[in-house]
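Colleague: Each chain, written out:
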Amino acid sequence: DAKTTQPPSMDCAEGRAANLPCNHSTISGNEYVYWYRQIHSQGPQYIIHGLKNNETNEMASLIITEDRKSSTLILPHATLRDTAVYYCIVSLRGGGSSNTGKLIFGQGTTLQVKP
Amino acid sequence: DGGITQSPKYLFRKEGQNVTLSCEQNLNHDAMYWYRQDPGQGLRLIYYSQIVNDFQKGDIAEGYSVSREKKESFPLTVTSAQKNPTAFYLCASSRGAYEKLFFGSGTQLSVL
Chain A
1 DAKTTQPPSM
11 DCAEGRAANL
21 PCNHSTISGN
31 EYVYWYRQIH
41 SQGPQYIIHG
51 LKNNETNEMA
61 SLIITEDRKS
71 STLILPHATL
81 RDTAVYYCIV
91 SLRGGGSSNT
101 GKLIFGQGTT
111 LQVKP
Chain B
1 DGGITQSPKY
11 LFRKEGQNVT
21 LSCEQNLNHD
31 AMYWYRQDPG
41 QGLRLIYYSQ
51 IVNDFQKGDI
61 AEGYSVSREK
71 KESFPLTVTS
81 AQKNPTAFYL
91 CASSRGAYEK
101 LFFGSGTQLS
111 VL
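In order, the protein sequences belong to chains A and B.
Using the working numbering, the first residue of the first sequence is number 1, and each one after it goes up by one.
Using the working numbering, the first residue of the second sequence is number 1, and each one after it goes up by one.
No incorrect hints appear here.
In the DSS-like style, the derived pairs of lysine-lysine whose C-alpha atoms are separated by at most 30 Å in a straight line are: (1) B:70 / B:83; (2) A:3 / B:57; (3) A:3 / A:52; (4) A:69 / A:3; (5) B:57 / B:14; (6) B:100 / A:52; (7) B:9 / B:57; (8) B:9 / B:100; (9) B:100 / A:69; (10) B:83 / B:14; (11) B:100 / A:3; (12) B:9 / B:70; (13) B:83 / A:3; (14) B:57 / B:71; (15) B:100 / B:70.
Don't read these hints as lab results, they were simulated from the structure.
All chains, please: the whole structure from these sequences, using the hints.
Modeller: Put into structure tokens, the structure is as follows:
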């Protein structure tokens with residue numbers, strides 16, 4: 001599985017958009033980008049995933065560059081409850097002989113939303 | 001409500017003792033996972049199972065054992081061979097391998 005690089009920490013003002021970057025320069029053509037977040041002492045929560053098109057759901061938007069070597073998670077109107085560690089992961093999706101079911105989490109980005 | 005239940009929330013282990021962490025899901029998911037998280041660190045994969053009666057070692061399986069006798073259950077045993085067991089343990093499940101993960105609320109294991 002490809003590795004990802006994220007900044008260790010970021011701050012964002014409440015009500016503003018939070019833009020969290022992720023580099024995945026070794027991503028292969030059949031690997032998806034997943035984002036999860038973890039609020040202190042809880043289990044991580046799925047946010048969004050995508051392959052090459054931009055994606056949006058009720059929680060966030062995911063922008064993937066055309067060369068797929070990086071992506072940005074956007075929280076359009078950050079609230080204090082969005083303070084968490086955000087993990088960017090790249091992995092295969094679906095079946096296949098090389099599918100080991102193994103997902104690798106890095107250290108993520110700690111987002112601090114400030115009033 | 002469907003979800004993943006981990007128990008207990010806090011667990012204490014004495015020297016030389018084996019302890020078992022419970023993980024149950026009612027999401028009808030095929031795949032289940034165990035991760036370990038140390039303070040300020042990301043998640044590291046201990047074991048994973050894509051189907052009943054089958055499981056594979058993750059990156060840090062030494063000192064741990066698992067079983068997958070039922071689809072809904074994936075207990076993790078921390079054996080006495082695990083010399084540094086103090087950590088936050090997270091169980092997860094997914095509909096299939098590489099599908100999005102659903103996590104339990106975790107078990108904090110400490111050594112007395």
